[in-house]
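Protein chains: 2
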Amino acid sequence: MKASLDCIPCLVRQALDAARMASPDPLVHKRVLCEMLRWTGEMDMDEPPPILGQRFHRWLREITGIEDPYRSAKDRFNRLALSLLPDLRATIKAAQDPLAMAVCIAIAGNVIDMGTNGNLTESEVRKSIDEVLAEPLTGIENGFRQAIAEAQDILYLADNTGEIAFDRLLIEQLSPPRVTLALRGSPVINDATLTDARYVGLHEIVKVIDNGSDAPGTVLEDCSPEFVRRFTEADLILAKGQGNFETLNDEPRNIFSLFKAKCPVIAAHVGVPVGTYVLAQPNARLLSSEGPGGSKRC
Amino acid sequence: MKASLDCIPCLVRQALDAARMASPDPLVHKRVLCEMLRWTGEMDMDEPPPILGQRFHRWLREITGIEDPYRSAKDRFNRLALSLLPDLRATIKAAQDPLAMAVCIAIAGNVIDMGTNGNLTESEVRKSIDEVLAEPLTGIENGFRQAIAEAQDILYLADNTGEIAFDRLLIEQLSPPRVTLALRGSPVINDATLTDARYVGLHEIVKVIDNGSDAPGTVLEDCSPEFVRRFTEADLILAKGQGNFETLNDEPRNIFSLFKAKCPVIAAHVGVPVGTYVLAQPNARLLSSEGPGGSKRC
Chain L
1 MKASLDCIPC LVRQALDAAR MASPDPLVHK RVLCEMLRWT GEMDMDEPPP
51 ILGQRFHRWL REITGIEDPY RSAKDRFNRL ALSLLPDLRA TIKAAQDPLA
101 MAVCIAIAGN VIDMGTNGNL TESEVRKSID EVLAEPLTGI ENGFRQAIAE
151 AQDILYLADN TGEIAFDRLL IEQLSPPRVT LALRGSPVIN DATLTDARYV
201 GLHEIVKVID NGSDAPGTVL EDCSPEFVRR FTEADLILAK GQGNFETLND
251 EPRNIFSLFK AKCPVIAAHV GVPVGTYVLA QPNARLLSSE GPGGSKRC
Chain W
1 MKASLDCIPC LVRQALDAAR MASPDPLVHK RVLCEMLRWT GEMDMDEPPP
51 ILGQRFHRWL REITGIEDPY RSAKDRFNRL ALSLLPDLRA TIKAAQDPLA
101 MAVCIAIAGN VIDMGTNGNL TESEVRKSID EVLAEPLTGI ENGFRQAIAE
151 AQDILYLADN TGEIAFDRLL IEQLSPPRVT LALRGSPVIN DATLTDARYV
201 GLHEIVKVID NGSDAPGTVL EDCSPEFVRR FTEADLILAK GQGNFETLND
251 EPRNIFSLFK AKCPVIAAHV GVPVGTYVLA QPNARLLSSE GPGGSKRC
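Chains as they are written, first to last, in my numbering: chain L, 1 to 298; chain W, 1 to 298.
Please note that a few of the clues may not be correct.
Same chains, same names: a pair is fine if it fits in one copy or spans any two.
What the hints assert, rightly or not - In silico lysine to any residue, SDA-like type, Cα no more than 25 Å apart, as pairs:
hint : residue 1 : residue 2
1    : K127      : P26
2    : K2        : D46
3    : K30       : T195
4    : K207      : S83
5    : K93       : R20
6    : K127      : K262
It is worth saying that the hints were derived from the structure and are not from the lab.
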């Protein structure tokens, strides 16, 4: 998915958030912000924004010497999400349609995206979960249900820390032995890595791998050969989050994207209001509750 | 009030909004955005943001040849506000504290600020008014009430189109013969000029003047000598909106600022959450409902 001019103010704001996460020094904040102003002025609008995000966050880690600026925020949201799991697992078990409920909760967890909201609070996460419990998705699109039923080899592309605890609940509904979970190759924003997958115990129920890349999405040219082989072999790919959607949107594979549309550009691209729970098939054919299937507006 | 690094992403977003208002051409949008990226990279952070806003909007009008890019939006909000006046005037008349109700409605009208929200809708304006009617301010700070009672010569600095129709309701409570209303000297964003004051009939009840400047605030060095004389002579100045607050915040005059805190930087400066109705005295001594007086949180 190409960038839009609307991405530019957002990237500038993200740069300031990230600078503050990496350093308490106002001079660093100003330097980082000015660098992003220069980069966005020269931005290749044919590339998805996560490409520039990768380059920026790599540079930020280099100049500050901080390998994982979001580490403490990541730990906080992992802990929060884990603390919510027992009740949410019981809710799914008691639901009339446990798969649909698990999908909804996994998408609600996608609110934990510090790229779109650097000042995210725990109460916003609880609100997102409460919203989905108050008005759960009552049915999910048949194509998705059928794809899940038929798949032999599911590749699940994680997005953020904290969120992956909620992903665990969905993976538990998917017959875990056929699932491989892929994480980012190294820290970028608050995206989940192998460390986070292990923290929420996902390594105990599925095979976990990393994609070898530090992009906040899935940029296949930047991923490891091992990951690309798994990506090519899988007969179903579940891609969480906007970054994976932006970077895989045009891939001719059997992909379902699951995310909360937090960004106005992406929301407009899939034709839904900001805040919508999106379950979209490759090439962005949106399956919404207004359409043939079942994404949810919230 | 000095600029903050947080002003930069916001100014970049404002530039894109303004470019789209002035031209349908994506090449113009990109050129305008890139120019703002360059300007904000070199921005003097000791100046209030309306100084850069003035320079930018002057340049935008020059390169597009459009004298008043927001004209059609301004007309729309003037019409909307005028249509609401009869009911609101009756509400004020029936209120236990008509002055407090008029203050609240005038501040609620400050939501019509296309600098902070270029995509403002009529329903957002109606919502802002409905909120204030549902939970009106029950008392206003004694210092403000006393200042109003004692003033012989009130200078009322308007902010936006549409909003000035609501200002009319407050001015009607102020014994209009002692009031002079000042507008921007020429169009900038959706700020009100003499044209708008006449459209809502304010010239029929008070003396109306312009300040000779095209800054989206009150930059005294840029205003006409006639305006500066009026500014110096007035024994009470009521300054509507964030732009006037940012530019007059350090002026040692008897000023009350009235605005809705839509910007996180200004909200933090006065120590209130975003969305708060602010009635502040010179040097930003905030008079909140928690303090000695009566601004309102909504």
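Cross-check of the supplied hints:
In this homomeric assembly, K127 and P26 never come within 25 Å of each other (Cα to Cα): the closest approach is 32 Å inside a single copy and 38 Å across copies. For a Cα distance limit of 25 Å, the shortest separation of K2 from D46 inside one copy, 5 Å, qualifies, whereas the shortest one across copies, 37 Å, does not. For a Cα distance limit of 25 Å, the shortest separation of K30 from T195 qualifies neither inside one copy, at 31 Å, nor across copies, at 41 Å. For a Cα distance limit of 25 Å, the shortest separation of K207 from S83 inside one copy, 23 Å, qualifies, whereas the shortest one across copies, 64 Å, does not.
When the C-alpha separation of K93 and R20 is checked against a cutoff of 25 Å, the pair qualifies neither within a copy, at 41 Å, nor between copies, at 50 Å. For the identical chains of this complex, K127 and K262 are neighbours both inside a copy (15 Å) and across copies (23 Å), given an alpha-carbon limit of 25 Å.
Comparing the model with each earlier hint shows violations of hints 1, 3 and 5; every other hint is respected.
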